[in-house]
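> Starting from the structure of chain A, add chains B, C and D where the hints point.
Chains as they are written, first to last, in our numbering: chain A, 997 to 1326; chain B, 997 to 1326; chain C, 997 to 1326; chain D, 997 to 1326.
These are calculated hints, taken from the structure and not from any lab test.
Misleading hints may appear alongside valid ones.
Said to hold, decoys possible - Covered stretches of chain B, as calculated for chain D (at least 3 residues, CB under 8 angstroms):
#: 1; stretch: 1117-1126
#: 2; stretch: 1240-1253
As the list claims (entries may be wrong) - Away from chain B, derived, C-beta distances all over 12 angstroms, residues of chain D:
#: 3; residue: R1018
#: 4; residue: A1030
#: 5; residue: D1068
#: 6; residue: T1069
#: 7; residue: A1076
#: 8; residue: C1191
#: 9; residue: A1245
#: 10; residue: T1251
#: 11; residue: R1252
#: 12; residue: S1290
#: 13; residue: G1291
#: 14; residue: H1320
Nothing here was measured: the structure is a model prediction, and the numbers come from that model.
Just so it is clear, CB atoms sit at the ideal spot from N, CA and C, and this is done for glycine as well.
4 protein chains.
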Amino acid sequence: MFRFCLFGAGRIGTIHASNLSRHPGAKLDYVVDAQQSAAERVATAHGARTSDRDTALADKSVTAVIIASPTDTHDELIGACVAAGKAIFCEKPLDLDVNRARASMSKAQVAGVPLYLGFNRRYDPSFRKLRDAVAAGTIGTIEVLSIVSRDPAPPPLAYLRSSGGLFRDMMIHDFDMARFLLGEEPTELYAAGACLVDPAIADAGDVDTAVVVMRTAGGAFCQISNSRRCTYGYDQRIEIFGSTATVRADNQTATRVELASGSGVTREPALPFFLERYADAYRLELDDFIRALSGESVSLATAQDGLRALLLADAAESSMRSGHPVALSG
Amino acid sequence: MFRFCLFGAGRIGTIHASNLSRHPGAKLDYVVDAQQSAAERVATAHGARTSDRDTALADKSVTAVIIASPTDTHDELIGACVAAGKAIFCEKPLDLDVNRARASMSKAQVAGVPLYLGFNRRYDPSFRKLRDAVAAGTIGTIEVLSIVSRDPAPPPLAYLRSSGGLFRDMMIHDFDMARFLLGEEPTELYAAGACLVDPAIADAGDVDTAVVVMRTAGGAFCQISNSRRCTYGYDQRIEIFGSTATVRADNQTATRVELASGSGVTREPALPFFLERYADAYRLELDDFIRALSGESVSLATAQDGLRALLLADAAESSMRSGHPVALSG
Amino acid sequence: MFRFCLFGAGRIGTIHASNLSRHPGAKLDYVVDAQQSAAERVATAHGARTSDRDTALADKSVTAVIIASPTDTHDELIGACVAAGKAIFCEKPLDLDVNRARASMSKAQVAGVPLYLGFNRRYDPSFRKLRDAVAAGTIGTIEVLSIVSRDPAPPPLAYLRSSGGLFRDMMIHDFDMARFLLGEEPTELYAAGACLVDPAIADAGDVDTAVVVMRTAGGAFCQISNSRRCTYGYDQRIEIFGSTATVRADNQTATRVELASGSGVTREPALPFFLERYADAYRLELDDFIRALSGESVSLATAQDGLRALLLADAAESSMRSGHPVALSG
Amino acid sequence: MFRFCLFGAGRIGTIHASNLSRHPGAKLDYVVDAQQSAAERVATAHGARTSDRDTALADKSVTAVIIASPTDTHDELIGACVAAGKAIFCEKPLDLDVNRARASMSKAQVAGVPLYLGFNRRYDPSFRKLRDAVAAGTIGTIEVLSIVSRDPAPPPLAYLRSSGGLFRDMMIHDFDMARFLLGEEPTELYAAGACLVDPAIADAGDVDTAVVVMRTAGGAFCQISNSRRCTYGYDQRIEIFGSTATVRADNQTATRVELASGSGVTREPALPFFLERYADAYRLELDDFIRALSGESVSLATAQDGLRALLLADAAESSMRSGHPVALSG
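Same shape as in the complex, but just chain A (with noise of 0.2 angstroms):
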């Protein structure tokens, strides 16, 4: 039985705090937060205790961390928790900037702390299940991926402000599937993007609709679709062009239910965000955490994964910047 400390009770520490609470293998003891009354009302769901932080690194009996606090805090507190000893599961991304993302990094690797990042999409039943395609030859060599991605309605300002810009916040998760898909590194990459749906966010320096090429050394091109507004829900697709087959993953929806009438046939539409259609991976990602502390290996992504989609996110926002491609560094 692993017993956990929490950083952070807001929607995604919820989350994982209840996902913590039906493993057979993990006890959450210690729920931290600025905010005490967002940390005693997950506390109280779960049967653990509020603290501050150093109360909760200070017990020998906690194993483990979970970071969801605020992204800016992710330095300081990934140092705290090396420091004590526990291995940390951290949420995107580790930091906004490259060099801190580095030396939190540096930091577990030196004093040999497990470091893995949340990305959750990673195990996601239907793209999971695009990567064991992959990986057992169904599709031949990858020649071209696609992901579009594709959020509701944009997130509040004073969020986007802080975010580190669409590419750090929102396609960073479509940074680290490519890689997680293509089983290789993107050389080179040539990012667009323009402000359609909120003149506020372009105001706020950020853009809320993007579009990214990117090649591999073995030559697969990827190509990726972001916006901030969807109106058929949260839409997550994937499409991977093999030499011999090819795999997709379309949009869940909650039932099966269509209607026919003289307008047509109609299904719903996607699941409306990501708590609904990521509420899976959430669950499989936690378990494998969970799987890792026990010594197995595990597909989590790594800080290092975390770091080279970092560093994806900023060519990104170069290349848009300057009207060019980037070469990336192996």
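Relative to chain A, chains B, C and D alone:
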């Protein structure tokens, strides 16, 4: 080059004329219709001439006839064509009366004149593919055949009154399709019907909604569902549940376009009616009739098939009236 | 917090125990099973204790019981639970014998003890959505309800022999669903069945394939198709053809992945069996039972519903044996 | 009745001849081809005569010509047809060289001779429906247009060598479609390409796989993905993501049959190639050309459209070679 005479220049006769004129091995010479203006319209469009029946049948260069005139003219026309030694392609049904149908069939048999029935659905590429799958053993043994067949809207009451009723006018197609796909004869039939669409249909002594269950000697079941009204187009679906797999044919649409919005993802309703859905089938069955004229073996419905379907329709009518299943003689 | 006793620690009892343990308003206190090891396994997993029947029922703190033991124990257990004043959630059927079922129902009614039946499909989100569409008037008047319900493979013969036969064991779910969706009682029923899957099932006096046609007073038709074997998973589909539109629920799959290659475009087979397909339904029906304990109005099947379904199953058996439709008393 | 001369009796010329012969307002009089046997085959099938170019063009009764001969003959043929005052329908491209294309266009303009380009996909009913949805405002403002266009297999190397390369030979269709759907001109284009299918194609100086990103003045993005090989048929899909809804056209299949078995539910691959997929489009564009001859306004691609598409293809070639985006002059 086979020369043809067409009897009946209505909706279906017009289709046959058009398909004949596109066929390199056929030539339409005569069009005969009680309404001279209709005959002229079709004749002019295809370089044929109008005529009375006897003149056309006396022309030795005419090899074959297509009978697409009203059902109550079939019996006499078949007699005349048989006497003239013309190969006959007759729209279903042979006759509404089993005895007259049997007599027509006998006349043709005795005279050695080919007499085929226009059960065009046998040539629908989707249904043909179902049959091919059955024949190839792809689904093992048929266990349950389910046919859904619904018209977009009831025909005019005047038509209904002389139609012979839903079973002889509409479900007769499904009876032929059931025999075509099952590859064996039904031995028992239970029918239930009601008037749910328009009470005027009940006043005309007919039903507009009906379900049938049949069994074969081999043990397979067949479910048929008919309605005279369907809001989403012409509903023509078949599913064959077999011991090792299942094949099904869904409705067809004009395009594969769909619209995704907040209210869901909408594709087109089914094609509107038989002219659209069975356009290919009409063409392909006529191709086969022309092949038959050259002595090739074809899968056109024969007079015998037409009689069998009519017997099933009669049995359905009888079962519905009595409320009890009807045993069918092999 | 309602405290529970669970009778039966088999496959379905285990699901209920797990759903109880996740519910904030419920607590599983006792697990009773003739097989002590099974009881212990479930009790241990959920912090409950094992017990004999009478000890558990004597505990005043226990409000409600779940009966998931073999059908032939239902009658006596219901009697004991009614005597102890415990609210009852009983897996279907009440009993294989209509008279005993009626007696159980009466005992509960007289004592004012709630007695609900576990027709879990009422809580399947897809089927619930069909019912909501009917209730909202989205499809007008129901004209034809079609239910396809096929198990992936026959159960063991030992199970079959005490199951009461296909109609009472399997199609009983479809009878309840038909009543639930039609919103009125069938007035006539015709059933046909055969043994097409395994002759040993015939030797056991049962059938493995059956089709049923029912009519209601209001004029609607219902078609049901059952098989004990289906190669593409657990086939659970419903279509409701209405006067203004049609709704249908297709099978569900684990993911929305498809593979496109030279042999076509392949998506997954249906979910394997009821544990997967109805996982949500089991959880949601228990939620509603707990709501019922608080006095809320729920759409759980009542003992009366259970009796009605059993009467339809008996009528189907009788129709199949006699070969004739059976009139049903309102 | 408009009388026609056809230049080029190859695959596409044969389609046009057949569509002409079915049109009540057109008559094919002359077939001209460097290969006399090919010309004779087509002429005989449709009651036309073979001829040399000048004889056909000297015939005053000929109103219009169809140019379906090799690309390198277009320039000279257009010149001769313009001189003879014949209305021209020319298969794409006008020419592989922009200057010659421009010169052809000018000649026709100066002489007041109609010159249309055969971008048949504008007449594909699915793509036409997409455009109608855009025009009707159904999807709001276009934000991202995504075109997938993949051939089943590479053409012969001999063809490739004189094709002008993937962008001018294959993607030129997608460039025209992008302009047709976007309703505005691209202002920037980035292209990347590679040889992933067959190294012999690289040896011929061409690529077989390419992706393009374009932007318009209005801010919309367009993604195009091309491959010379696709195992599941001719892959022709378009999705238009708009501000209020999204429309998409999926691939088409010969039938709507699917097979359900233990390995999943399989539907057909896409139609094999352009002859099947665009059969309707070829017919409908010729209908429109004949309408244009009567002075009606049509949506046929003009020489100006052909030139625009060629300029985009040149820009793509240039972007791919340089590795940088190319700005396009309005």
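> Identify every previously stated hint that the structure contradicts and give their numbers, smallest first.
Structure breaks hints 3, 9, 10 and 11.
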